[in-house]
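Assemble the complex: chain A is given as a structure, and chain B must be docked to it using the hints.
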Amino acid sequence: MTEAIGGGSPAAAAPAGAPPAPEPVADERLANISLWARLLRRPEVGSLLGALVICAFFWTTTESFGTLSGIANWTDVASTLGIMAVAVALLMIGGEFDLSAGVMTGTTGLLLGLLTTEWGFSMWPAIVVTFAFAALVGFINGYMVIKTRLPSFIVTLATFFVFQGLNLGVTKAVTDTVRVAGLSDVSGYDSASKLFSNTFWSPHNFRLSVVWWIVIAAIATWVLARTRVGNWIFAVGGDANAARNVGVPVARVKIALFMTTAMAAALVGIMVALRLASVQAGQGVGEEFTYIIAAVVGGCLLTGGYGSAIGASLGALIVGMAFIGISFSGWNTDWRFLFLGVILLLAVLVNNLVRHRAEGARR
Amino acid sequence: MTRVRVVLLALLMVLGLSAFAVACGGDDDGDEGGSPAAKDDVDLTQGQDVTIAVITHGSGDSFWAVAKKGAEDAGKQIGVTVKYSESANDPQKQAQLIDSAVTEKVDGIAVSAPNPDAIRDSLKKATAAGIPIITLNSGAEDYQELGAITHVGQTETIAGEGAGAKLKEAGGKKLLCVIHEQANIGLNQRCDGAKKGFGGEVENLQVKGVDDIQTTLTEIQSKLQSDDAIDAVLALNPDIAIAARDAVKGAGSSAKLATFDLSGDVVKAIQDGEMEFAVDQQQYLQGYLPVVFLTLYKNNANTVGGGQPVLTGPGYVTKDNADTVAKLAEEGTR
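Sequence lines, in order, name chains A and B.
In this text, residue positions in the first sequence follow the working numbering: the first is 1, and each later residue adds one.
In this text, residue positions in the second sequence follow the working numbering: the first is 364, and each later residue adds one.
Isolated chain A (complex conformation):
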């Protein structure tokens, strides 16, 4: 109803690649944009700056931060956060929020745990079911947002609460405690761990989730920069009506983004469940804001249409470095959130400045 059904419509808003032929003569009507200016207009600038400063700070002030084992520690923290931040960044570029992203990591982990320890599934089929479930939840989120035209903030807040209640209620009803344990005894646990949650490069023990994170960030960056779908995502977030008018399947793009976020949450939920061999009913609650913070620090606008996956990854890296760096420094951890707040504010200020600059030039 709300969109022209025109999936692979030939009127794709922007070409997929194919740069135009280079002009041989300089055109005096075109402004000469310096490399610096172009560099500074990237959405990642704020987060890159922040990441470098924080890295330099902890690297020089603590002994362990710069060692390989130390790097393994903070990339570990950043990785699961980063996977979610990238997915949430795509969604935010597409102009929507998903407040259920945090609780979904718990829901999917619990589902995996219950399927395997209580309902007789072995690990791999349970993982498939978990991903399918997440895709369904993402679809429902997206469909409700499109159909009701309510802000996604409200719709996914409802989903958030629904799952927070379900997580606790179902877990308690089935297991009589507030966690699902014993995943390590399930058949297929070892092979699943090899793919999702083990470590590599002993004795530093880097997490496999770091590799997943880098791969996912790379794919997301490629999609955003080089594909038609990427252009669609920017278009629906920038101006949904204009995008629809040029034939972008707005509803489908947005629903797909919600599904991506939910499935990223499933991936993280599975990773955490396998790593800890148990899942707590409260897992992931409250994390959704950390994802959004990472994406915003990484240059995403709350209004949509602008942002980057690399920036979101850098945002996640900042949170990870701060978390472990503060621990290494032995600072009073009471102040941790102050630190995060200041970083968020600074990164957003830089982004704001840069965006004004970029828009000013575009006129």
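Misleading hints may appear alongside valid ones.
What the hints assert, rightly or not - Simulated crosslink set (SDA-like; lysine to any residue; CA at most 20 Å straight-line): (1) B:K586 / A:G169; (2) B:K468 / A:S329; (3) B:K586 / B:G563; (4) B:K586 / B:I576; (5) A:K194 / A:V170; (6) B:K661 / B:V673; (7) B:K468 / A:V215; (8) B:K468 / A:T177; (9) B:K571 / A:V170; (10) B:K619 / B:N684; (11) B:K571 / A:K194; (12) B:K488 / A:V170.
The set of hints was computed from the structure by calculation and includes no laboratory data.
Bear in mind that the values here come from a model prediction, so they are computed numbers and not experimental data.
Below, chain B without anything else, positioned relative to chain A:
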């Protein structure tokens, strides 16, 4: 326009500087090669003083503030460095904090273990690296299997049973047990224990928690209003207990109130007769003792507890001894 350019230029300079600093930092550290002489110096001085990491699942509430103070006081008094950190009840974060303590090669790790499965792998790495472990607060059933020297805390079920029995003694017929953290098994064990000790009807109520006292208060109050058979309330945290006290007042209920753990406000409420008693697990000791024990282990190869847990509770604070405790609670050590 020029102003913007200046600002951007300044930003760029910071960027350049920080990149430079990173490069320098890398040189200094030199994971393999580097300058071995400088590294030896650092290691030598580190060998002389002891660093103990205390990693709990707390979230900065008044209960954990006292345990933290205990750990820090112990560090000051016996002259060791204490690094206290909290995971806010997130098991993954706690595992990551343990990993980082292992990376730092601390001399001992004191850790609360509300979810032993989640931190087992990380603690294995610690024992493999020769770092001694003591569990505190939660983990009385699992400390041996986790490879800890001993456990410092109270047994939740026994403490709950005692509280239930005392509330029955006070004349309670129907008990409301208020659970304030979703995923903390210890709290459920307390309520189970209370059920055993109380004998009568016991209902558990899940509330929002210490992060949102106002909502918690409303939740307890509406529960009391909807069921006036409830004549006893057991809170499991001092902040929640104060909310429960206000809820009892607000609902016009005459339910008898008791709580786990102390704060200045709780002691005052006991003095004023608004609360029956508080079960005190003396969490100051749970921060203090592991630091001392681990230092003794490090310097003198002593093991405390003889393979048994070291119990810090339950003790009861009633109107009789409230005055003594009041002064100490205000100082943040009870």
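These are the hints, each one checked on the structure:
no., hint, result
1, B:K586 / A:G169, "18 Å, holds"
2, B:K468 / A:S329, "13 Å, holds"
3, B:K586 / B:G563, "18 Å, holds"
4, B:K586 / B:I576, "15 Å, holds"
5, A:K194 / A:V170, "29 Å, violated"
6, B:K661 / B:V673, "19 Å, holds"
7, B:K468 / A:V215, "32 Å, violated"
8, B:K468 / A:T177, "35 Å, violated"
9, B:K571 / A:V170, "18 Å, holds"
10, B:K619 / B:N684, "19 Å, holds"
11, B:K571 / A:K194, "37 Å, violated"
12, B:K488 / A:V170, "34 Å, violated"
The structure shown violates the earlier hints numbered 5, 7, 8, 11 and 12.
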